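Each chain, letter by letter, is given below.
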Amino acid sequence: MPGNFAEIYASQLASLHHISYRIAYERVATLLGLGQPLYVQFLTYLHEVLFSFPPNFGPSFEFYPIPAWTIVFLALRWTLLLLGTAIVISLALGLFIGIFLATHKNKSIDRAAQPTFYFLNSIPQFWLGILFIIIFAIDLHILPATQAQSISANPPDILAHMVLPLAVIVLTTAPGYALIVRGAAVDTLGSDFLYATKAQGLRRRRLFLRILRNSLLPIVTNIALSMGYLIGGVITVELVFAYPGLGSLIQSAVVTEDYPIMLAIFYITTLIVLLSNLAADLIYPILDPRVSYVSS
Amino acid sequence: MSENKHNLVELKHVYRYYREKGGGILSAVSDLCLSIGRGEVFSLVGESGSGKTTVGKMSVGLTKPSRGEVLLEGVNIKSLKQEARLRKVQYVHQDPYGALDPYLTVREVLERPLVYLKRVKEAHIREEIMYERLDQIGLGYEYLFKNVKELSGGEKQRILLARVFLIEPDYLVADEPTTMLDSVHRTETLNLLVNLRKKMDASMMVITHDISIVSLLSGRVGVMFQGEMMEVGTTEELLKNPLHPYTLALLAVTPDKIAKSKNAILEDNKHRDLSLTRTADYKGCVYAGACPFAFEKCRIEKPKLVRIEGTHSVACFKYPGESANLAE
Amino acid sequence: MFPRRLENSVRRNLNRNTFLTVILNAVATSRMVQIGLAITSFFVGIAIISVFYVPYPVWAPVGPSFAPPSWTYLFGTTALGQDVFSQWLYGSQWTILVGVIAGAMTSYLGVFAGVLSGYMRYADGPFMRLADVVLTLPTLPLLIVVGAFFQPSYFDVAVLIAILSWAAMARTIRSEVLSLKNQQFVEVAVQSNVPKYKIMFVDMVRHTLPLILTYSLFAVGDAILTISALNFIGVGPISVMTWGTMLDLAEGNLALLSGAWWWEIPPGLSIALFVAGLAFVAYGLEGAFKKM
Ligand SMILES: Nc1ncnc2c1ncn2[C@@H]1O[C@H](COP(=O)(O)OP(=O)(O)O)[C@@H](O)[C@H]1O
Ligand SMILES: [Mg+2]
Chain Z
7 MPGNFAEIYA
17 SQLASLHHIS
27 YRIAYERVAT
37 LLGLGQPLYV
47 QFLTYLHEVL
57 FSFPPNFGPS
67 FEFYPIPAWT
77 IVFLALRWTL
87 LLLGTAIVIS
97 LALGLFIGIF
107 LATHKNKSID
117 RAAQPTFYFL
127 NSIPQFWLGI
137 LFIIIFAIDL
147 HILPATQAQS
157 ISANPPDILA
167 HMVLPLAVIV
177 LTTAPGYALI
187 VRGAAVDTLG
197 SDFLYATKAQ
207 GLRRRRLFLR
217 ILRNSLLPIV
227 TNIALSMGYL
237 IGGVITVELV
247 FAYPGLGSLI
257 QSAVVTEDYP
267 IMLAIFYITT
277 LIVLLSNLAA
287 DLIYPILDPR
297 VSYVSS
Chain A
5 MSENKHNLVE
15 LKHVYRYYRE
25 KGGGILSAVS
35 DLCLSIGRGE
45 VFSLVGESGS
55 GKTTVGKMSV
65 GLTKPSRGEV
75 LLEGVNIKSL
85 KQEARLRKVQ
95 YVHQDPYGAL
105 DPYLTVREVL
115 ERPLVYLKRV
125 KEAHIREEIM
135 YERLDQIGLG
145 YEYLFKNVKE
155 LSGGEKQRIL
165 LARVFLIEPD
175 YLVADEPTTM
185 LDSVHRTETL
195 NLLVNLRKKM
205 DASMMVITHD
215 ISIVSLLSGR
225 VGVMFQGEMM
235 EVGTTEELLK
245 NPLHPYTLAL
255 LAVTPDKIAK
265 SKNAILEDNK
275 HRDLSLTRTA
285 DYKGCVYAGA
295 CPFAFEKCRI
305 EKPKLVRIEG
315 THSVACFKYP
325 GESANLAE
Chain Y
6 MFPRRLENSV
16 RRNLNRNTFL
26 TVILNAVATS
36 RMVQIGLAIT
46 SFFVGIAIIS
56 VFYVPYPVWA
66 PVGPSFAPPS
76 WTYLFGTTAL
86 GQDVFSQWLY
96 GSQWTILVGV
106 IAGAMTSYLG
116 VFAGVLSGYM
126 RYADGPFMRL
136 ADVVLTLPTL
146 PLLIVVGAFF
156 QPSYFDVAVL
166 IAILSWAAMA
176 RTIRSEVLSL
186 KNQQFVEVAV
196 QSNVPKYKIM
206 FVDMVRHTLP
216 LILTYSLFAV
226 GDAILTISAL
236 NFIGVGPISV
246 MTWGTMLDLA
256 EGNLALLSGA
266 WWWEIPPGLS
276 IALFVAGLAF
286 VAYGLEGAFK
296 KM
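Residue numbers (this note's numbering), protein chains in the order written: chain Z, 7 to 302; chain A, 5 to 332; chain Y, 6 to 297.
These are calculated hints, taken from the structure and not from any lab test.
Given the structure is predicted, the values throughout are model-derived calculations rather than measurements.
Even for Gly, the Cβ is constructed at its ideal location relative to N, Cα and C.
Keep in mind that a hint or two might mislead.
[Claimed, not checked] Ranges between beta-carbon positions, derived for each pair: (1) Y:Phe57 <-> Z:Asp163: 35 to 41 Å; (2) Y:Thr34 <-> Z:Ile144: 43 to 49 Å; (3) Z:Val46 <-> Y:Asp129: 35 to 41 Å; (4) Z:Lys113 <-> A:Ser187: 34 to 40 Å; (5) Y:Ala33 <-> Z:Phe214: 48 to 54 Å; (6) Y:Arg211 <-> A:Asp214: 53 to 59 Å; (7) Z:Val46 <-> Y:Ile243: 35 to 41 Å; (8) Y:Val32 <-> A:Gln86: 54 to 60 Å.
[To be verified] Per the computed footprint, the stretches of chain Y lying under chain Z, defined by three or more beta-carbons under 8 Å from a beta-carbon of chain Z, are: (9) 80-87; (10) 211-224.
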């Protein structure tokens with residue numbers, strides 16, 4: 007660890023609030039319970055983090071004395087807005103394009119789409135963000151490039167600020183989903199079960215719904231499993247666009263060595279991944295095509 | 005010291021249960037006793053699914069019995085170290101396609117038991133043993149350098165045999181050694197097996213669903229049905245004087261003299277209802293559902309194997325006789 | 006008695022070459038593999054060249070600030086007048102090297118945990134629970150926190166990435182080994198008294214090699230993307246020039262507002278192309294293995 011935790015804390019407090027280092031250090035020492043044995047300190051910390059609500063990570067170094075959790079929670083709303091919207095759009099696009107490609111299997115559009123999608127999937131998201139800023143904000147001046155809202159915030163304004171970050175995330179994740187859906191849909195189209203439904207004389211719309219349903223299972227699994235990766239992507243994209251979510255917060259925390267903030271962000275992102283996996287587990291039985299096929 | 009006192013392999017009241025997909029319990033082998041002496045050939049006959057493979061694998065310790073014990077030279081096979089056991093007993097799989105790793109070369113298949121089991125340290129001695137065995141099964145030395153993938157089914161079967169004869173076990177189980185082969189190679193492979201066994205002076209269990217093969221083998225035959233032994237006797241006794249209704253039915257399937265007179269049984273066999281007999285709590289004779297001679301007692305009580313004459317025993321209420329304990 | 010002289014020549018010709026054949030076949034026929042190989046070998050070639058030759062010192066100012074691309078400065082210069090081309094050339098070395106090391110370690114852990122938990126029943130529970138835990142850890146936030154606390158070296162970062170990414174591969178390999186384990190040839194190997202570790206790490210690994218190969222290529226690509234993001238955020242090692250570091254420096258020096266696109270395009274596009282090239286090879290091979 008770079009330097010002593012309490013010393014950094016104290017010196018930051020001292021310079022921020024124009025008090026002497028000694029006084030600041032004493033305050034920090036009482037606040038952190040430095041007199042107690044190490045394991046007691048650690049257990050107290052764990053207890054505060056895991057068993058109290060809201061979890062208590064202590065005050066932020068940079069924004070002392072505001073609790074780190076409060077600051078992280080404010081940023082989290084923007085990240086969740088971006089993440090949630092991006093997942094919904096990517097999911098919808100992935101399903102639509104994937105099924106389209108499956109029904110046009112081995113036609114030229116399908117063959118061109120695959121390498122293109124692999125390429126889109128491989129672009130560093132933050133770099134695509136930079137490109138978009140160059141093209142849309144600097145050269146064309148059509149979209150705002152930074153922040154989440156102007157001083158006069160209203161829904162259309164917030165939406166306009168979301169467009170570029172969203173586009174980056176969707177453009178780099180939807181192709182992956184489309185490829186997964188394509189694989190699943192190709193399987194469904196080729197399986198006996200589809201012959202059965204054809205024999206039953208189902209209409210096109212019902213058929214489409216069946217394929218849709220069979221493709222949802224692998225895609226939900228994938229989203230849940232890749233949630234950690236998705237959050238990583240959102241964080242870097244937010245950084246590029248100075249979007250006031252967790253990404254920008256974690257970078258400023260790194261610069262100011264604001265450890266409570268960093269730990270709180272790590273905690274909340276882990277929680278999000280955990281909850282999304284849990285949600286996926288709950289959705290499986292609803293989506294499992296075999297279950298639905300038997301019952302219908 | 006125990007060499008003469010004990011049979012080489014003994015199965016004492018072994019049971020084997022499998023958990024079924026639906027959650028039920030399948031009794032694959034139940035209350036089976038069997039002993040095989042030194043140098044003896046024992047054929048195990050029964051239709052597919054009757055539990056032959058399970059018996060064969062249990063007799064070499066590859067599958068553990070759910071109840072009962074398997075003895076090798078009087079010692080429980082469980083208590084033997086893997087290496088000691090494998091030097092004495094080997095099992096040859098029924099499907100040569102699945103039994104040989106397609107990514108191996110023939111050389112690796114044959115060299116592995118020499119290195120890890122026989123512990124032959126010198127490479128040139130291993131080489132000589134492999135050449136010799138390949139020669140004995142009628143394949144040239146160049147086969148050593150072939151990939152398993154390049155071999156035909158018959159060649160694969162031979163390599164599997166060569167592998168066992170390189171180990172020179174005291175007892176081997178050949179599971180359906182001819183099933184996967186075309187008719188031309190069938191007798192050839194069987195003869196090869198019999199000859200090699202003679203050379204090694206090993207005991208052998210030959211498993212087959214084709215009773216016509218039994219006439220080519222000497223020694224005793226056991227007929228299995230639904231996990232139980234129906235009839236045991238020498239090949240002569242069994243083929244000339246089949247007793248159990250199921251054995252009669254089996255023989256009827258083979259083109260033989262006896263067959264014609266037993267057509268009626270074959271017809272009956274088509275209508276058999278065996279759904280009940282395989283569950284663990286069924287008390288009657290497992291063949292009762294298909295047996296044309298079945299009467300009330302057959303469905304309530306299980307017939308024990310009884311000795312009729314010589315080594316010939318049968319499990320059927322049609323034949324009264326003294327109780328035979330095959331494990332003795 | 007035995008024709009031993011012949012043996013060697015025969016062995017050479019008939020040697021086990023199934024995988025190599027499939028791979029060579031894919032290289033010869035699959036457009037996807039060809040393009041992927043062309044891209045990746047271009048960058049690997051550049052990385053090798055950069056070991057021996059870089060036109061200008063990487064860190065030193067050698068020209069005017071923000072000079073656009075010209076014959077003197079192929080990719081222009083940075084805010085400090087450093088040569089972007091030299092940085093890009095030199096950056097390829099470290100970006101690819103660290104990616105390959107991280108990817109290799111990820112595969113190593115994934116294969117080890119996957120084969121072990123697939124083959125050994127007692128290892129299954131612990132390893133798969135561990136995998137569950139690892140799968141819920143958000144890689145980038147964790148790396149940022151660890152990077153801020155400990156100032157890791159590139160090797161440390163590679164190790165960390167491996168520790169955070171082996172789980173998905175281990176799961177897939179485990180389920181493959183679980184079904185392989187019941188095949189008869191495994192019983193034959195057991196009957197030959199082949200030691201367990203040999204069955205697991207020779208036989209099982211050989212059968213899962215197509216899987217391992219494609220996963221490893223993806224692992225390298227993912228590692229490069231992660232490291233670049235980490236560099237871009239500015240945590241972790243900064244003493245060595247990588248493509249990610251270049252992007253971080255460009256961002257920090259307001260390259261965008263100065264219109265210095267030549268500073269942003271080469272490193273970012275190279276990352277995208279190299280990672281996509283790896284993906285092309287992986288998908289192409291996967292297709293070829295499926296037909297095997
Ligand atoms: N590993 C196993 N799991 C579940 N059931 C099995 C297993 N092995 C065999 N069985 C069942 O046990 C019965 C006997 O099988 P087997 O011994 O292979 O018969 P055979 O070799 O005579 O065809 C069959 O009904 C088979 O389905
Ligand atoms: Mg069988």
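Here is how each hint holds up against the structure:
With their beta carbons about 54 Å apart, Phe57 of chain Y and Asp163 of chain Z fall outside the hinted range of 35 to 41 Å. Distance hint check: the CB atoms of Thr34 of chain Y and Ile144 of chain Z are about 45 Å apart, consistent with the given range 43 to 49 Å. Between Val46 of chain Z and Asp129 of chain Y the CB atoms are about 38 Å apart, so this pair conforms to the stated range of 35 to 41 Å. The beta-carbon spacing between Lys113 of chain Z and Ser187 of chain A, approximately 49 Å, falls outside the hinted interval of 34 to 40 Å.
The beta-carbon spacing between Ala33 of chain Y and Phe214 of chain Z, approximately 40 Å, falls outside the hinted interval of 48 to 54 Å. Between Arg211 of chain Y and Asp214 of chain A the Cβ separation comes to about 36 Å, which falls outside the hinted range of 53 to 59 Å. The hint said 35 to 41 Å for the Cβ distance between Val46 of chain Z and Ile243 of chain Y, and at roughly 37 Å that hint holds. Taken as a hint, the range 54 to 60 Å is violated for the pair Val32 of chain Y and Gln86 of chain A, whose Cβ atoms sit roughly 43 Å apart.
Check on the segment 80-87 of chain Y: 0 of its residues sit with their Cβ under 8 Å from a Cβ of chain Z, so the three-residue criterion for coverage is violated. Closer than 8 Å: that is the beta-carbon criterion, and the segment 211-224 of chain Y has 0 residues meeting it against chain Z, so the requirement of 3 is violated.
Checked against the numbered hints given earlier, the structure breaks hints 1, 4, 5, 6, 8, 9, 10 and satisfies all the rest.
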